[in-house]
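Chains as they are written, first to last, in the numbering used here: chain A, 1 to 111; chain B, 112 to 227.
Hints are not guaranteed to be accurate.
[To be verified] Here are the simulated lysine-lysine pairs, DSS-like style, with alpha carbons at most 27 Å apart: (1) B:K152 to A:K98; (2) A:K58 to A:K22; (3) B:K125 to B:K152; (4) A:K42 to B:K175; (5) A:K98 to B:K177; (6) B:K131 to A:K42; (7) B:K166 to B:K131; (8) A:K42 to B:K177; (9) A:K110 to B:K125; (10) A:K68 to B:K125; (11) B:K166 to A:K98; (12) B:K177 to A:K22; (13) B:K175 to A:K71; (14) B:K125 to A:K57; (15) B:K175 to B:K131; (16) A:K98 to B:K131; (17) B:K152 to A:K37; (18) B:K175 to A:K98.
To be clear, the hints were calculated from the coordinates, so they are not data collected in a lab.
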Amino acid sequence: GENVEQHPSTLSVQEGDSAVIKCTYSDSASNYFPWYKQELGKGPQLIIDIRSNVGEKKDQRIAVTLNKTAKHFSLHITETQPEDSAVYFCAAIGGGFKTIFGAGTRLFVKA
Amino acid sequence: GAVVSQHPSRVICKSGTSVKIECRSLDFQATTMFWYRQFPKQSLMLMATSNEGSKATYEQGVEKDKFLINHASLTLSTLTVTSAHPEDSSFYICSARDPGRGNEQFFGPGTRLTVL
Chain A
1 GENVEQHPST LSVQEGDSAV IKCTYSDSAS NYFPWYKQEL GKGPQLIIDI RSNVGEKKDQ
61 RIAVTLNKTA KHFSLHITET QPEDSAVYFC AAIGGGFKTI FGAGTRLFVK A
Chain B
112 GAVVSQHPSR VICKSGTSVK IECRSLDFQA TTMFWYRQFP KQSLMLMATS NEGSKATYEQ
172 GVEKDKFLIN HASLTLSTLT VTSAHPEDSS FYICSARDPG RGNEQFFGPG TRLTVL
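Work out the full structure: start from the sequences and follow the hints.
Below you can see the structure in the form of structure tokens.
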């Protein structure tokens with residue numbers, strides 16, 4: 001079945017450094033790839049997304065890249081801040097609108 | 112825009128009781144809503160897809176008689192956990208798809224269910 005693998009499961013960085021989270025999907029029909037940030041006790045919040053006809057998208061300190069051939073997509077956070085600490089989930093969605101989530105990455109930004 | 116609310120935000124109940132959770136799209140009409148369950152330190156697991164006016168589609172391993180889903184209108188879907196047991200304690204999250212925005216889904220804030 002469809003699967004999304006996400007790495008690393010935990011990431012610890014110093015404030016100001018960059019953080020990179022990588023995902024791989026299995027369903028070649030997937031065409032929409034959102035990234036969510038989830039804080040403790042809250043629902044996921046969309047932070048950035050990319051569609052299959054685009055290779056890269058940037059929004060201030062956050063960027064996402066997509067390699068459709070390799071079925072890889074990555075989240076890049078630059079100049080990390082303590083408030084970036086949270087769990088981040090990648091996801092892949094195909095034509096049936098079914099969202100397949102990665103396992104999540106717990107990001108710690110140390111001040 | 113694209114706000115999804117859930118009610119209640121947290122509920123504690125006794126084993127054997129039923130609990131209803133509401134998911135509402137506040138500023139758009141959602142033809143499709145999704146229900147997820149999330150255990151501590153785990154990812155979101157899709158339980159079912161709810162389409163307005165029709166029966167929900169359940170994922171493998173999810174008991175449809177235990178988790179009753181009703182999507183009676185374009186802005187409301189409900190999940191009822193029947194005869195709840197302690198193992199049903201979890202964080203339940205809904206999301207709604209806005210047909211006008213393609214594949215984007217908007218998530219509710221979640222409902223923390225604790226069954227004693």
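Going down the list of hints, with the structure as the test:
For a cut-off of 27 Å, the pair hint linking B:K152 to A:K98 stands: about 22 Å separates their Cα positions. With a C-alpha separation of about 16 Å, the suggested pair A:K58 and A:K22 falls inside the 27 Å cut-off, and the hint holds. Proposed proximity of B:K125 and B:K152 is supported: the alpha carbons are some 24 Å apart, at most 27 Å. Note on A:K42 and B:K175: the hinted pairing holds, with a Cα-Cα distance of about 26 Å set against a maximum of 27 Å.
Among the hinted pairs, A:K98 with B:K177 is consistent with the structure: their alpha-carbon atoms are about 22 Å apart, no more than 27 Å. Proximity of B:K131 to A:K42 is assessed by CA-CA distance (about 19 Å); at most 27 Å being required, the pair is judged to hold. Note on B:K166 and B:K131: the hinted pairing holds, with a Cα-Cα distance of about 17 Å set against a maximum of 27 Å. Our distance criterion of 27 Å between C-alpha atoms is met by A:K42 and B:K177, whose separation comes to about 25 Å.
The suggested pairing of A:K110 with B:K125 is violated, with an alpha-carbon distance near 41 Å, which exceeds 27 Å. About 49 Å separates the Cα atoms of A:K68 and B:K125, which puts this hinted pair outside 27 Å; it is violated. Proximity of B:K166 to A:K98 is assessed by CA-CA distance (about 16 Å); at most 27 Å being required, the pair is judged to hold. Only pairs whose Cα atoms come within 27 Å are accepted, and B:K177 paired with A:K22 is rejected, the gap being roughly 36 Å.
Taken as a hint, the B:K175 and A:K71 pair is broken in the structure, with Cα atoms around 33 Å apart against an allowance of 27 Å. For the suggested pair B:K125 and A:K57, the alpha carbons sit about 48 Å apart, so the restraint of at most 27 Å is broken. Distance check on the hinted pair: B:K175 and B:K131 sit about 14 Å apart at the alpha-carbon level, within 27 Å; holds. Proximity of A:K98 to B:K131 is assessed by CA-CA distance (about 24 Å); at most 27 Å being required, the pair is judged to hold.
Between B:K152 and A:K37 the CA atoms are separated by roughly 14 Å; this keeps the pair inside 27 Å, and the hint holds. For the hint linking B:K175 to A:K98, the alpha-carbon distance of about 18 Å falls within 27 Å, and the restraint holds.
Figure legend: structure checked against the earlier numbered hints; hints not met, in rising order: 9, 10, 12, 13 and 14.
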